[in-house]
Amino acid sequence: MKRTVFLGALTVAGLAAGASAAATLDDVKARGKLNCGVTTGLVGFAAPDANGKWEGFDVDFCRAVAAAVLGDANAVEFVPTTGKTRFTALASGEVDMLARNTTWTLSRDVDLKFDFIGVNYYDGQGFLVSKEMGVSSAKDLDGATVCIQTGTTTELNLADFFRANNISYEPVPIETNAEGQQQYLAGACDAYTTDASGLAATRATFENPSDHVVLPEIISKEPLGPLVRHGDNEWGDIVRWTLNALISAEEMGITSANIGELSAAAGDNPEINRILGTEGNLGEMLGLDADWAKRAIMAGGNYGEVFAKNIGESTPIALARGLNAQWTDGGLIYSPPFR
Amino acid sequence: MSDMSYVRSEMLPERAPPASQIGFVGWIRANLFNGVGNSILTILSLIFLWYILSALLPWIFAPTWNSGSLNECREIFGADGGHGAACWGVIRERWVQLLFGFYPEAERWRPIVGFGLLFVALIPVLFNMISRRMNWVLLLVVLGLAGLYLGGALGIIAGLVLLGAAGFVGFKAFTTSKEDRAAEIASGAKRLPNPFIFSAIYPFIAPWLLWGGSIWLPVGAALGFVVGYFAYRFLAPIVGSLAGLIIAVLAALVWWLFLTGGFASIMQSIIPIGLEAVESRNFGGFMLSITIGVVAIACSLPIGVVLALGRQSDLLIVKALCVGFIEFIRGVPLITLLFVASTLLNIFLPPGTNFDIILRVLIMVTLFAAAYMAEVVRGGLAALPKGQYEAADALGLDYWKAQRLIIMPQALKISIPGIVSTFIGVFKDTVLVSIIGLLDPLGLSNAIRADQDWNGVVWELYGFIAFMFFVFCFSMSRYSMYLERRLRTDHS
Chain A
1 MKRTVFLGAL
11 TVAGLAAGAS
21 AAATLDDVKA
31 RGKLNCGVTT
41 GLVGFAAPDA
51 NGKWEGFDVD
61 FCRAVAAAVL
71 GDANAVEFVP
81 TTGKTRFTAL
91 ASGEVDMLAR
101 NTTWTLSRDV
111 DLKFDFIGVN
121 YYDGQGFLVS
131 KEMGVSSAKD
141 LDGATVCIQT
151 GTTTELNLAD
161 FFRANNISYE
171 PVPIETNAEG
181 QQQYLAGACD
191 AYTTDASGLA
201 ATRATFENPS
211 DHVVLPEIIS
221 KEPLGPLVRH
231 GDNEWGDIVR
241 WTLNALISAE
251 EMGITSANIG
261 ELSAAAGDNP
271 EINRILGTEG
281 NLGEMLGLDA
291 DWAKRAIMAG
301 GNYGEVFAKN
311 IGESTPIALA
321 RGLNAQWTDG
331 GLIYSPPFR
Chain B
340 MSDMSYVRSE
350 MLPERAPPAS
360 QIGFVGWIRA
370 NLFNGVGNSI
380 LTILSLIFLW
390 YILSALLPWI
400 FAPTWNSGSL
410 NECREIFGAD
420 GGHGAACWGV
430 IRERWVQLLF
440 GFYPEAERWR
450 PIVGFGLLFV
460 ALIPVLFNMI
470 SRRMNWVLLL
480 VVLGLAGLYL
490 GGALGIIAGL
500 VLLGAAGFVG
510 FKAFTTSKED
520 RAAEIASGAK
530 RLPNPFIFSA
540 IYPFIAPWLL
550 WGGSIWLPVG
560 AALGFVVGYF
570 AYRFLAPIVG
580 SLAGLIIAVL
590 AALVWWLFLT
600 GGFASIMQSI
610 IPIGLEAVES
620 RNFGGFMLSI
630 TIGVVAIACS
640 LPIGVVLALG
650 RQSDLLIVKA
660 LCVGFIEFIR
670 GVPLITLLFV
680 ASTLLNIFLP
690 PGTNFDIILR
700 VLIMVTLFAA
710 AYMAEVVRGG
720 LAALPKGQYE
730 AADALGLDYW
740 KAQRLIIMPQ
750 ALKISIPGIV
760 STFIGVFKDT
770 VLVSIIGLLD
780 PLGLSNAIRA
790 DQDWNGVVWE
800 LYGFIAFMFF
810 VFCFSMSRYS
820 MYLERRLRTD
830 HS
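Protein sequences appear in the order of chains A and B. Everything in the first sequence is counted per the working numbering, starting at 1 for the first residue and increasing by one. Everything in the second sequence is counted per the working numbering, starting at 340 for the first residue and increasing by one.
Heads up, some of the hints might be wrong.
Simulated pairs of lysine-lysine, DSS-like, Cα-Cα distance not exceeding 30 Å [to be verified]:
| no. | chain 1 | residue 1 | chain 2 | residue 2 |
| --- | --- | --- | --- | --- |
| 1 | A | Lys309 | A | Lys221 |
| 2 | A | Lys84 | B | Lys767 |
| 3 | B | Lys740 | B | Lys752 |
| 4 | A | Lys53 | B | Lys767 |
| 5 | A | Lys113 | A | Lys84 |
| 6 | B | Lys752 | B | Lys658 |
Residues from chain A shown here face chain B by an in silico Cβ test under 8 Å; the list is partial [claimed, not checked]:
| no. | residue |
| --- | --- |
| 7 | Val43 |
| 8 | Ala47 |
| 9 | Lys84 |
| 10 | Thr88 |
| 11 | Gly267 |
| 12 | Thr315 |
| 13 | Ala320 |
Hint data in this document are derived by calculation from the structure and do not stem from the laboratory. Since this is a predicted model, take the numbers as computed values, not measurements. All C-beta atoms in this analysis are idealised placements derived from N, C-alpha and C, irrespective of residue type, glycine included.
Construct all of the structure, not just a fragment, from the sequences and the given hints.
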């Protein structure tokens with residue numbers, strides 16, 4: 001009898017789980033806040049300032065989604081997650097979405113049952129070396145000691161790269177990025193390898209950044225993107241098209257400076273009109289109102305503005321757009337049409 | 340001839356010891372340069388100390404307090420750069436964050452008051468040297484300062500009144516000597532209430548201060564104990580003490596599980612009193628460490644004592660349960676339990692269940708500490724001679740009375756060093772929560788480094804955190820030594 005009751009309770013719980021998973025949008029609206037999973041701290045992508053306000057590239061995307069859904073870019077609860085807790089936090093419903101520089105891989109998409117809704121940053125693994133070494137290519141690193149974070153895909157990529165080029169290296173295992181910086185500066189390793197964006201941020205903190213170079217080889221593909229749970233496609237659509245709206249806005253020349261003017265009345269460009277809701281009913285199709293994309297863009301600017309503000313060339317991290325330029329500029333950033 | 344003598348017949352007057360044997364010089368000769376070997380060691384130690392300090396002190400005393408970023412620190416030092424000196428600007432800018440995490444700025448008085456009241460509540464428990472009246476003075480002072488800090492007409496008036504009352508009681512306490520007061524009490528003067536009353540209600544005040552919300556929830560929780568007490572009081576004479584106890588516990592559980600929520604919401608709608616609710620997510624920094632540490636320390640001791648007694652019990656099931664629990668928890672690393680708390684429970688519980696992450700962590704850390712505590716206490720129990728148990732039996736004491744009056748006071752006294760070691764260990768283990776994404780001081784130090792201004796600042800943050808932890812752990816250690824001295828009953 002007790003057992004039956006217990007199983008019954010589990011079933012009810014399971015049903016409730018299914019029901020609640022299917023209506024993330026309603027949950028978010030009822031709560032009045034978007035729970036967004038971010039890192040516990042990564043330069044340029046997510047970090048709290050002295051007043052506890054989160055800032056960064058990933059953070060701005062969370063704010064854009066909150067603005068689109070709830071009409072308030074500050075209606076976000078940022079849930080710091082570590083590399084170990086991020087997927088359970090999303091799977092269990094603790095967060096509604098994850099914007100945490102997470103690489104899109106098949107197993108994460110399929111086996112862990114998540115939906116990557118796109119790519120907001122194309123990263124790749126690189127090498128940071130001292131200029132004194134006189135190395136111009138990663139293939140010259142034969143016999144070098146390399147600082148590498150243990151237990152990450154970067155470790156496997158490194159082994160693959162050196163084996164493919166038939167050269168040897170000596171790994172110096174480290175635990176965190178801070179430790180990597182210290183070890184590299186102390187000369188414990190000749191080269192430090194991690195994602196190129198991380199290397200740029202690390203190099204920017206050095207006393208004399210110009211004494212160090214990031215080698216041109218990028219030895220892995222790390223498409224970083226926001227993700228949501230399987231099973232709630234309506235919610236996935238909203239997050240996906242919020243990212244697309246930011247990207248399209250840059251392509252169409254919609255910026256936070258001219259958006260007020262452009263959205264005041266329908267203009268000459270029909271796609272701009274459809275994005276900004278002055279024409280058509282795209283917002284309604286998503287279950288949102290007509291102004292959703294306008295609010296998302298106003299939250300932190302279009303994709304290019306968000307990039308420039310947090311990690312672009314005017315910031316200390318000084319990342320070039322590179323692969324992350326619009327497709328019209330030779331990059332990979334590309335949004336399907338708003339139609 | 341007769342007045343010649345080979346032996347001195349009168350005493351010499353006492354002379355002052357030679358200057359080389361007394362005072363500073365004497366102390367140095369006796370302690371530092373006592374022989375060639377010691378002199379060499381002393382000189383080597385001094386050279387070593389000078390070597391360390393000459394590197395460390397210039398690093399610590401760096402004029403970088405007002406810098407706004409690592410690069411500004413570097414500008415202050417010019418070409419020498421950040422290697423030669425600490426960049427303290429990060430501590431100036433972030434110390435509040437390291438202490439309070441993301442706790443809303445307007446509400447930060449609450450953890451401060453909670454922390455102050457913690458000491459008021461602890462003093463009668465920890466020290467019996469302080470008089471009853473001084474304890475009330477302390478309580479009034481903390482509350483009065485809180486009132487003044489809060490500001491507003493009401494806060495200032497309440498603060499002044501409370502401080503005035505504190506001054507009055509303090510004045511009376513200082514002007515009447517102990518004997519006079521004893522005489523006053525003997526002649527029928529009213530005593531102040533026992534400060535233990537406050538210590539008993541503090542566990543209900545503290546969560547309310549930290550998390551906020553309606554005041555009726557902690558009141559409801561406290562009423563559960565009242566319900567249980569009265570149930571026991573009225574039922575024990577009728578159905579016997581064991582059955583009475585069981586029914587009382589059940590009554591309290593029913594109250595907590597099914598009636599408290601209703602009671603709180605009804606009372607809240609009649610008399611709405613409450614503080615702004617603060618979510619657990621906003622807890623961080625030392626506030627989080629101290630919250631977890633204090634709860635785990637306070638709860639683990641009683642649970643540990645019960646487990647230790649259960650392990651020595653003759654009742655088979657009780658014993659098996661206790662042994663199983665202790666061995667299971669001790670056989671699993673704390674970090675595993677924390678992962679269970681943060682991820683596994685999330686998967687097992689239906690989504691949308693709002694089982695607070697900090698509450699989950701608190702439970703896990705408490706269980707972990709309790710298992711260790713049980714073994715420490717068991718060590719104390721094992722160290723007692725069998726004669727003590729037999730003496731208790733011979734006096735006709737029942738099990739609980741024997742434990743309370745004879746066994747536990749001695750066993751716990753023996754275990755003090757072990758108990759305090761466990762306390763310190765648990766407090767330091769709280770930093771493990773950074774691995775499950777809670778921003779304790781170590782987690783925050785990582786988050787602070789993720790700010791471009793402070794990326795690359797390592798030693799200053801770790802140094803500050805280490806210093807804060809040292810202060811807490813060292814105080815605990817000193818307290819345990821005080822307690823051992825006070826409780827020493829042997830005559831050596």
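Hint check results:
no.	hint	verdict
1	A:Lys309 x A:Lys221	holds (24 Å)
2	A:Lys84 x B:Lys767	holds (22 Å)
3	B:Lys740 x B:Lys752	holds (18 Å)
4	A:Lys53 x B:Lys767	holds (28 Å)
5	A:Lys113 x A:Lys84	holds (16 Å)
6	B:Lys752 x B:Lys658	holds (24 Å)
7	Val43	holds (5 Å)
8	Ala47	holds (4 Å)
9	Lys84	holds (7 Å)
10	Thr88	holds (4 Å)
11	Gly267	violated (38 Å)
12	Thr315	holds (7 Å)
13	Ala320	violated (17 Å)
In terms of the numbered hints stated before, the structure departs from hints 11 and 13, listed from lowest to highest.
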